[in-house]
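Colleague: Those protein sequence lines, which keep their order, are chains A and B. In terms of this note's numbering, the first sequence opens at residue 1 and continues consecutively. In terms of this note's numbering, the second sequence opens at residue 1 and continues consecutively.
Hints were generated in silico from the structure; no laboratory data involved. C-beta atoms are modelled at their ideal positions from N, C-alpha and C, and glycine is treated no differently. Careful, some of the hints might be misleading.
One-sided excerpt, in silico: chain A residues whose CB lies under 8 Å from chain B [claimed, not checked]: (1) L77; (2) M91; (3) R125; (4) G161; (5) I178; (6) S181.
Number of protein chains: 2
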Amino acid sequence: MRRGAELEVTDRAILYEILDAGKVIHIGIAQSNSFPVVIPLAYVRDNNRILIHGSTGSRLFRALAAGEKLCGTVTLLDGIVLARSAFHSAMNYRSIMIFGTATEISESDKEHALERFTNNLISNRWQEVRPMTNKEKAATMVLAIDLTNISGKVRTGGPSGEDESDLTLPIWAGHIPIVESYLPPIAAPDLPDAAQLPSALIELE
Amino acid sequence: MRRGAELEVTDRAILYEILDAGKVIHIGIAQSNSFPVVIPLAYVRDNNRILIHGSTGSRLFRALAAGEKLCGTVTLLDGIVLARSAFHSAMNYRSIMIFGTATEISESDKEHALERFTNNLISNRWQEVRPMTNKEKAATMVLAIDLTNISGKVRTGGPSGEDESDLTLPIWAGHIPIVESYLPPIAAPDLPDAAQLPSALIELE
Numbered sequence: 001m002r003r004g005a006e007l008e009v010t011d012r013a014i015l016y017e018i019l020d021a022g023k024v025i026h027i028g029i030a031q032s033n034s035f036p037v038v039i040p041l042a043y044v045r046d047n048n049r050i051l052i053h054g055s056t057g058s059r060l061f062r063a064l065a066a067g068e069k070l071c072g073t074v075t076l077l078d079g080i081v082l083a084r085s086a087f088h089s090a091m092n093y094r095s096i097m098i099f100g101t102a103t104e105i106s107e108s109d110k111e112h113a114l115e116r117f118t119n120n121l122i123s124n125r126w127q128e129v130r131p132m133t134n135k136e137k138a139a140t141m142v143l144a145i146d147l148t149n150i151s152g153k154v155r156t157g158g159p160s161g162e163d164e165s166d167l168t169l170p171i172w173a174g175h176i177p178i179v180e181s182y183l184p185p186i187a188a189p190d191l192p193d194a195a196q197l198p199s200a201l202i203e204l205e
Numbered sequence: 001m002r003r004g005a006e007l008e009v010t011d012r013a014i015l016y017e018i019l020d021a022g023k024v025i026h027i028g029i030a031q032s033n034s035f036p037v038v039i040p041l042a043y044v045r046d047n048n049r050i051l052i053h054g055s056t057g058s059r060l061f062r063a064l065a066a067g068e069k070l071c072g073t074v075t076l077l078d079g080i081v082l083a084r085s086a087f088h089s090a091m092n093y094r095s096i097m098i099f100g101t102a103t104e105i106s107e108s109d110k111e112h113a114l115e116r117f118t119n120n121l122i123s124n125r126w127q128e129v130r131p132m133t134n135k136e137k138a139a140t141m142v143l144a145i146d147l148t149n150i151s152g153k154v155r156t157g158g159p160s161g162e163d164e165s166d167l168t169l170p171i172w173a174g175h176i177p178i179v180e181s182y183l184p185p186i187a188a189p190d191l192p193d194a195a196q197l198p199s200a201l202i203e204l205e
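My request is simple: use the sequences and hints to build the entire structure.
Modeller: Pasting the structure below:
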């Protein structure tokens, strides 16, 4: 995305707010003698770390657990910026970049981590679902990435940096916000009558 | 994202449809003796390649133009899947992964490429904006990545793979679609009266 009215974010509260607004992180690792790989993963922030989870059989998760250096990037697209010139056109966004390594969390920490994931889908979901079995827990690897080396960039608003002489041209300029929203929930077929819509979803109906 | 009802996509028409629905690609490259880096970039598909553009001064673009191996990943989040168990909960998405290297496009190809970028913001924009100057063109590097090594994955619908015994529990299950939409355009301040809203934006007003 073109540099322009981009701002570096250093305030940790804002960095965390951006992380909390996202759901997908792109994790990249190098692979010696091969192509790097960039994988989209669900994540949740838990204090000064983010958590990711995957199958214990996953090649990526085993590489990460072994201490492979990673870069994790979260990007939220917020709008399209139309300048009077193609050159100054841009996109509005919030993005976070994290460098580090991942560490497998301890067994005693796992329950808490899995609860954080589940309640990140919709609030209170962990309290509604059938409890996780030991077999399921054993099949799930949870990794933590410390938010030590974290940076952010944000671009907002309309066009910027345009040439003085462009500003009087009869060309529309401005920006178009992009928002993400939830549609009404779609129930699985053959739900028992007693299976009521979670309260967190009622406002979406 | 947990594997479940995920489908590998091999049909090139569908792979391209997913690419055309996205606007941001996460490009990852390795960096010897350092962390890999994953950068979000605007892109547009142009036949059997995607195009990215950046400043000729960008370190990433110079590394890419020098033939650095890359992985490019596009991810569209389509929904949240609530199973009766945390373990089978998931997200719906469409994702594309491309392995390859980037090549700087020829000067004669540049005009076409920049038009593709600009008209990917909103249709016909290239025909509306002030023409690009030679100086602006010279400051912009456009790279092409061939879509030879491309793969895709899609997950749709409600929960899958749930335990037989979970299906009769009095727990709501289903999915919540997520959609991205444009809000009404916001004009830059002090637009001349003659600067009319582009016809492609009228329906958003």
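Colleague: Are the hints correct? Go through all of them and say.
Modeller: Structure-based check of all given hints:
About 6 Å separates the beta-carbon of A/L77 from the nearest beta-carbon of chain B, less than 8 Å, and the hint is met. Interface restraint check: A/M91 against chain B, minimum CB-CB distance 6 Å, threshold 8 Å, status holds. Because the smallest distance between the Cβ of A/R125 and any Cβ of chain B comes to about 7 Å, under 8 Å, the interface hint for this residue holds. Contact between A/G161 and chain B, as hinted, is not supported at the beta carbon level, the nearest pair being about 12 Å apart and thus beyond 8 Å.
Hint status for A/I178: holds, given a least beta-carbon distance of 6 Å to chain B, under 8 Å. This hint holds: A/S181 has a C-beta 6 Å from the nearest C-beta of chain B, less than the 8 Å allowed.
In summary, the one numbered hint that this structure violates is 4.
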